[in-house]
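Chains as they are written, first to last, in the numbering used here: chain L, 32 to 431; chain S, 32 to 431; chain Z, 4 to 374; chain C, 4 to 374.
Treat the hints with caution; some may be incorrect.
Not the full set, but computed from the structure, chain C residues with beta-carbon under 7 Å of chain S [what the hints assert, rightly or not]:
(1) Trp41
(2) Gln190
(3) Ala270
(4) Gln327
(5) Ile358
Don't read these hints as lab results, they were simulated from the structure.
Backbone N, C-alpha and C fix where the C-beta goes; we use that ideal spot for every residue, glycine too.
Each chain, written out:
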Amino acid sequence: MAVPDRDLAEFRSTVGDWCRANVPKDWRRAQAGAPEEQFVAFQKAWFQELRQVGWAVPHWPAEWGGGMSVAEQIVLYQELAANDAPRLVLAFVAIHHAASTLLVAGTDEQRRCHLPAILDGELWVQGFSEPDAGSDLASLRTTGRREGDVFVVNGQKLWSSGAAHADWCLLLVRTDPGAPKREGISYFLMDMRTPGIDVRPIRNANGESHFCEMFLDDVVIPVSGLVGPEHGGWRVAQETLSAERGMTMLELSERLGRAGFTWLLEACRVRGPSGDRLLDDPVVADRLAAFEIEVAGLRSLCRRVVERHEAGASAPAEASIAKLLYSELLQRVMDFATEVVGLEAHTQLTKPLSSGWESGAWMLDYIGSYEWTIPGGTSEIQRTIIGERGLGLPREPAAR
Amino acid sequence: MAVPDRDLAEFRSTVGDWCRANVPKDWRRAQAGAPEEQFVAFQKAWFQELRQVGWAVPHWPAEWGGGMSVAEQIVLYQELAANDAPRLVLAFVAIHHAASTLLVAGTDEQRRCHLPAILDGELWVQGFSEPDAGSDLASLRTTGRREGDVFVVNGQKLWSSGAAHADWCLLLVRTDPGAPKREGISYFLMDMRTPGIDVRPIRNANGESHFCEMFLDDVVIPVSGLVGPEHGGWRVAQETLSAERGMTMLELSERLGRAGFTWLLEACRVRGPSGDRLLDDPVVADRLAAFEIEVAGLRSLCRRVVERHEAGASAPAEASIAKLLYSELLQRVMDFATEVVGLEAHTQLTKPLSSGWESGAWMLDYIGSYEWTIPGGTSEIQRTIIGERGLGLPREPAAR
Amino acid sequence: MDSDFGAVHDELRGVARMMLANHSPLTTAGRSFKPLDWQLLASSGWLGLEVPAAQGGAGAGFAELAVLLTEFGRVAAAAPYLGSVVLGTAALSLLEANTGRDHRLQELAAGTRRVAVALPTDRPEVGQPTAPFRIRRAGSVLEVSGRAGFVPDVVGADEILLLAADDHRPVLVAVAPSAPGLQIDAQPVVDETRHLAAVIADGVEIDPDSLWSFTGSPEAGAARLAERAMLAVACDSLGLATMMMEATVAYVTDRYQFGRPIGSYQAVKHACADMLVGISICSELVGTAVEALSSDEPGSWVPVSMAKAHVSSVAVEIAGKAIQLHGGVGYTWERGLHAYLKRAALNRSLFGSPIAHRRRLAARYAGEGNS
Amino acid sequence: MDSDFGAVHDELRGVARMMLANHSPLTTAGRSFKPLDWQLLASSGWLGLEVPAAQGGAGAGFAELAVLLTEFGRVAAAAPYLGSVVLGTAALSLLEANTGRDHRLQELAAGTRRVAVALPTDRPEVGQPTAPFRIRRAGSVLEVSGRAGFVPDVVGADEILLLAADDHRPVLVAVAPSAPGLQIDAQPVVDETRHLAAVIADGVEIDPDSLWSFTGSPEAGAARLAERAMLAVACDSLGLATMMMEATVAYVTDRYQFGRPIGSYQAVKHACADMLVGISICSELVGTAVEALSSDEPGSWVPVSMAKAHVSSVAVEIAGKAIQLHGGVGYTWERGLHAYLKRAALNRSLFGSPIAHRRRLAARYAGEGNS
């Protein structure tokens, strides 16, 4: 997969030129606090723009419309970040989790049905978490009763980000209540137009409503919606969930470096009423340098993680290391930015949804950072994974 | 126990005047790196000086030579710290642990035998910890076999600070191997001249040897050496061990504030070759201020802890809070001092043993700080105690 | 872990906690941040706590006020208490006596008048607040001009007291919100429990009877006002941090994952322990500062700056950790924890950042002598 | 978690780890800090790693040296490697070619000569090290004077190279330890694995043949030397931190308390996880800096300062945490962990404190443009 350095440099300038020509200049201002429909329309349009140049799903196999080398993907995401292109946040589950599920464990028919549809704009939602199954995902209680060629599903899902706009859902359901908790779960593709699905938005700490609750009342899913074996869904979820995390962490760490840290520097260069700049405070400058170092280390680490993953030489738990580092560093940077920018940091009341986890609205960004330290395995869970899988430390005794 | 403010002010000036007249001016220099015998002689002499003015055992009951109010003790320890008087480190176990054990659980005869002797210079050592019983003290394995009027003791004790100089030992021994682990332990007073006791010094990380291993080979202790009921020693240890911790934490926090922080300030005021002072670096100044605040809070907390203890209104786990705060703050201050003072901090190769945990030999003091975050319940254990006893959080499930 | 100012304080605290119990964003499911009922506060005697009995107040001191402020912090109370009571009543009390003043104090205690005080909010200089307004005398006409940002509780106030320099001497000037030349720009912030505004005066003509001098040293009076503001915020942060700890302890005791209450896991338990340890120090720092300010100790700014710097920082950490330990639930609007984090972060920046306060403290080290 | 520079590096690392396995203070029970056998290092080709093949060396680069330096850090090796190899050989390599130089390189590679290099050790200025010595020309007589503290590996060196200013141009001057006017004061430090000394020259007369110019820009040559010193220390800290993590993981897996291995407790497990996370970042920073320095990138001081600032700090934290998690055993002399903490703390201060390096980095932000 080695791509000559010269070709990479050329690709970099191609992406850069394209971005400068095509990234809407004022998208952040226009999208900050924009109504939901406008956000959805913007995301769909941007997805098609990227698709046209072949950069919407670079990580997919060539036969489905991707086929970009990892080295090129790294360049692509670095340049998208450097040019502050909008992120594909709305299609995220579709192009990552849904696609990797289909590619790894789906049937040919499922793939043919959905992968092209995703390219045309089909949106997906995750239906995994439940009120009593957060970190302990395997304790989920949504039930699926088999009746001939269909399953009848009842239960409640939580934190289903984007459910309001989704066409399809990746759903984990307990289909064998008698089995040990990880062995009675099936993995389904659920059409969101099926009767019995009630989606209610949940306002998050910033007042946004991209999270949803999903109530499932006798929802009928045909057996053809199964992914992997009946009752064998837990393994499918494990294999497919984290498939694309490496490249996502790389993209986000690039954005933290290029957008987040750079804007913080800019904010610290603004001259106050008395002509002084935050940067002139050596205490602030010292902290900025410390953050720059950590961000540089994180970006380097993320590149290494995707390269090693590509080479089949991943170190154990390194995806957890990257996630923990990114999320906690993001949080500390945003907390610090809120502190030093001071009262002005509290006056920005909206931020665009199409960004990375940094928008320059520091207080909102600080709060938003908890969306990275909590979901997808809390920082506490990540540390346990790193200790046990990364270092081989003994597990805790099981609860009685 | 309310002492009028005026009397306290007068007492404060009495102690201050006495210290200025009696604290040897150059004791730190003279004692730094001094041979063991010189340290012991110095400690014994200083103990007698304090005893003469009634300040060696102020916390003991009046009938045994103490009887000072808590308010006065606070003043006493504040002034001893402010005037950099040597600490009674050699007699520490004798005047605190041994005395409180005797006062709380000893017989009249034991008290009459030992309390006056301690005033005359009798030294004690703790024989609690063992190689496999550190944080989990109750799992100790030293055995005591009853044979008529005596117990025959075999085993190994560790971290017995000052055993080389001790006359007597507070000893925990498993006397009923069949009982649950906390119910088969007895508490003894052991004469260190008894045959079968082999004391070997252990060098610590700083190269000092005040810790010892103690090997017990068929050591015979008469039944009269029992404190509390046979097999009932665990409760005795629990009741008496932490008795004086509050006042000790107060004394040490005063020394951290008066000696430790003040010396750090002085070190930061020294002009370097180019005429600059560490203090002129705003990054250093900022950290110094942060430490000053924490030390102020700690000192205030320690005063409150002893006052509440005196009033019988102790909050749960507050002794653990004080110990955790002191030990970790000490460690952070010394680490920071080592960092900012730089290479010079590494050139001080000795420090006096009669000090608090700060001597101005920053690197040695930083290492020495682990003597507070590890023994007496590691910081990890303290946090568990604070969570469970201070906040009522549920315990971990027991190991299988 | 509240500080213990004795039985009177315990009673005041108990009453306040009961009355405010249902006003926390934790119990109102984040639906609204409705201000507390002002008349109820008046009838509880809380508006006139420091007003002399002669003017219908309780004649108490800052120590009692601090108890209430901490309780308000516990429920992240949305009430113009900071502007009108902590600063307004105190500003008037610090003035030389005059009938206008006494009359106003009476109305403040009764709840029939509300005021705001425009101090420098963002970067306090070492020792002495700089007046953000200045007086100009043109013949017999008096005018005030200047600007103060982020002034608490201006909108809805019947009168605004401006800290102004009258030939370098700090004085207070009372202006009506409707005065020609006075502009009030609401500055909405992420924290919906606080209401701030910029006050801009451009040659506002003032009645000479509305220009008041501080009793004693004008500089000391202005400094005292600023210290009250700083310490009030520290009390608030202490209260909200305590509430966050209690809510977290309750949650992690009830919430099970992997067959155990999550509070039995060391990662969670030790994080809660660190909250208690942090609050223990905060409580001491606030107690020391309150005592110093109440008893008018010289140099009271030292413990006040210590408390403001440390407590306002620790409260953000604790509120953030509370959200983290509540997991996804803690990140919802409904659960209300966000209101505490936002308020804690705003508190950190109000009336001087922690870095600014530490700089102020560190300036004392510069001399070669003892600190 | 070592950086991967390919198969050659893996082999070098493997050989080194095997050869050094029994030299760690962890395995020698802290009995001594005996220097590694210098002739053994020579016969392994480690002394001439960067010496050209023509002079009997391996003709390798700093990337290979970095592998060894990290392994030396793992065992807290007591050897004059920093002074004689990292700085000495490199200093000579950076000089304009001359027979004296080539001859010396040959002897250095063979282990028959040892040198030390006196650079400013404590507070490096932004960008450019200031020469601690200066040349004075009195007629045809050349003299050097000045002082450098904490110079590594001076005692026992056959020759000392002084970084000196010759009319503001940095040059290197070779002096014999016995030269009249040269004073060497050993500066023993708590860390017994390092040997430092102050070098004081008071009008030491020098042979004109011993005054050497750097190839190319003299400033660049001097800067390159300083960067090598900084990065060598960062490599050392990375190695020792990694060893501390591994020793801790092994200990907490074996040590039982309350019926469980202590590594099964979250407080311990998460602390170990944080070590791995910290080392992962350190490893990246070192890798990036080594690449920049090896390939002579302009601006290589940026990744070098980043690595020095961060890695040398994190290593102290990790070594300290290792002692803490080992409990009482970790605090004994015998266990040897203390040697790592002492060396880590010394590394933090050698060749620029973390604060100084961050100040240097932050100076880049001052412009209004992009960083």
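(Q) A closest beta-carbon separation below 7 Å is what the hint needs, so does C/Ile358 meet it against chain S? (A) holds (5 Å)
Q | Evaluation of the interface hint that places C/Gln190 against chain S, nearest CB under 7 Å | A | Holds, about 6 Å.
Q.
Tell me if the interface restraint on C/Trp41 is satisfied: Cβ within less than 7 Å of some Cβ in chain S.
A. Violated, about 25 Å.
(Q) So, as I understand it, the hint says C/Gln327 touches chain S; can you test that by seeing if any CB pair is closer than 7 Å? (A) holds (6 Å)
Q: For the hint on C/Ala270, just tell me whether its beta-carbon gets within less than 7 Å of chain S.
A: Holds. Min distance 4 Å.
The structure fails hint 1 only (numbered hints given earlier).
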